[in-house]
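Visitor: Keeping their order, the protein sequence lines are chains A and B. The letter at position 509 of the first sequence is residue 501 when you use my numbering, and the numbering goes up by one with no holes. Going from the second sequence to my numbering is simple: count from 1 and add 37.
Don't read these hints as lab results, they were simulated from the structure. Take the hints with a grain of salt, since some may be wrong.
[Unchecked claim] Lysine-lysine pairs mimicking DSS-like chemistry, simulated, CA-CA at most 25 Å apart: (1) A:Lys30 to B:Lys113; (2) A:Lys292 to A:Lys388; (3) B:Lys71 to A:Lys370; (4) A:Lys543 to A:Lys447; (5) A:Lys236 to A:Lys30; (6) A:Lys543 to A:Lys236.
Small disclaimer: the values here were computed from a predicted structure and weren't measured.
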Amino acid sequence: MDLRSKRTLTLPTPLVIPKDNSPDAMTLNQALAVVNSKKVRGLRQVHYLACGFEPLHLSVLLRAYLLTALPNDDVEIAHGVYGDLRGNIEAAYQSPALAAFVVIEWSDLDSRLGLRASGGWGTKAKTDILVSLESRMNQLESALCHLCTRMPVVVAGPSLPLPPIGNTIDLQASVFELELEQMLAIFLVRLSRITGLRITRCPSANPRMDPRMELMAGFPYKIPYASSLARTLSGVLCQPQPKKGLITDLDDTLWAGIVGEVGTNGVSWHQDSHTQIHGLYQQLLGHLASMGVLLGVCSKNEQATVEAVFERQDLLLESRQFFPVIANWGPKSGSVSRVLKAWNIAPAAVVFVDDSPMEIEEVQQAFPEMTCLQFNGKDPDKSLRLFAELRNHFGKPLVVEEDLLRQASIRSSAEFSELGGDTVSPEFLSTLMGVVTLDFRREVAAGRALELINKTNQFNLNGRRIIEGEWQRYLAHEDCVCAVVSYQDKFGSLGRVAVLLGIKKHQTLHISHWVMSCRAFSRKIEHHTLEAIFTRMGVGVIELDFIPTEKNNPLVELLTEIGVVSSANGLYELSRSTFLSRCGILPHNLLEKQE
Amino acid sequence: MNQITQRVNNCFANVFPDLRPEDAARVSTASFAKWDSVAHVTLLSSIAEEFGIELEMSDFEELTSYALIVDFLEQKQQ
């Protein structure tokens, strides 16, 4: 069998990251040109824009941004009727859309807060607005909860100014306006806790309201603001994969000063020594570590000198949050290479921060795919922009349990390797007291499982990515089998490390997606997974939708080892008898969680 | 073709990509079915953006054909 030669299957559309990061938003004419220039395209992907106003230019602009973000797809924007936001949210649920954008304005919460109603702004009306707002918000929350069971939802909260309804001059907030804003804030917090729902934050400084267009056509935004809003909506749905690790320099980066020259207590990062910007950087790194970002150190120093500073009690993050810490006098690229090896992640998933342009250039040349950024402690403006950029490199919609386990699991993997784990002797594995857990419950197969499918390269059946809406459709299939695999042993838990997704018909399981984190290699977790599928689910044959990629050689080796063969229908298959005769004794205990 | 008509043609092509350029000069809301109320707002917004002008509500009611739009823009330029 030559698994590497098969390239006949059609790849579905991968999740593509928007490339246009220019600060200037599209004009309406540019958006129309984008829409017209890309008429004949691939897979038609419907997105639903639910709003209470006429969608008009927002729809055109949103389509143009999505076409830019998803260049292999034909994007269509569906929308509902004027003045019925809740009804439109319900219509989105019934639609074939893969994702929904919900744009809420004050007039959707109470029409008296818009320009096109005549319900009065007197005391009685204001009291009634406050009373009715709560039930209106509850109705919308309920509709959005329902919609999120079917597709990912991006919500933009009210961005237009309130009408001149306060009793104060406009420089002074009125109690009524503050009460409205308080209710809105609480409402948006509640929405942000709904699984699959994301709230936008549109940073546009453009004037927002276009009263002429609102009164004439029911479209409330000036075009430049509508463009910023559309770009924000698209950007929140089509987010880039977050980076996984940050490698930092120490001298004049993590702290001010050259520790080799001024000594352990001579370096600083506090306000009283006017080096607070380094303290802020430490706090940011501590925050990133708490989100599961890996932190490593590459410094031109003596190891003992660095360790002495890391013992200082006033460090603003815990020194154990850095792993590995590499201090030597060799080229930085060599140290970076060692960190990447310890983490076992690709350079493209890493950000390197250093104060020296020369070091940045040297590392960038060695790792062109790595994001290399300069820390400039002398310029607080630049430092704050760097911090904002770091947030965007590492931000993610949801922090899951495995993110918090990652640092510890990298350390335990290092111990595992030191003890000879990479040689995979069955005797060694049987001493680990390992437990492999297969969770078949579809309701838990969210977040982490989809993240694994969309970021795993090496142990990946075909490299296919899935967007959230497709994932939800897949799980809704009555014959869908989704196994989320967790692992733990005496070194600790690796969390959820593998996902297998397929459709079972009679005694055949057709596997369309199978991925496993590289942190879980060499433990026979994949063998346990297949064994459970064969022996506990009554499966006689597994069909694999395998496609070789540039990076999935580890999976090729496994398929060859366990006896996968080409089948007549152009797929690959594995019979129960072949697998059981080849898999050998499996070293761990197995747990199952069924629906 | 002067600069105004060229730019107006571009706006028509953006909003009505299936309209043949040679037919554009003859169309109006009455004669061209695709020129509905949504297309009308989009077209005039496209023209306002292209020429950097603000249109009054009355302009939206009056500018109902290619010829009227070009005349209006030529008068604005004088």
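Visitor: Now tell me, hint by hint, if it's right for this structure.
Guide: Each hint, compared with the structure:
Proximity of A:Lys30 to B:Lys113 is assessed by CA-CA distance (about 34 Å); at most 25 Å being required, the pair is judged violated. Of the pairs offered as hints, the one joining A:Lys292 and A:Lys388 is violated, with about 32 Å between alpha carbons and a cut-off of 25 Å exceeded. For a cut-off of 25 Å, the pair hint linking B:Lys71 to A:Lys370 is broken: about 60 Å separates their Cα positions. Taken as a hint, the A:Lys543 and A:Lys447 pair is honoured in the structure, with Cα atoms around 12 Å apart against an allowance of 25 Å.
At roughly 34 Å between alpha-carbon atoms, A:Lys236 and A:Lys30 are farther apart than 25 Å, so this suggested pair is violated. At most 25 Å may separate the alpha-carbon atoms for a hinted pair to count; A:Lys543 and A:Lys236 meet this at roughly 18 Å.
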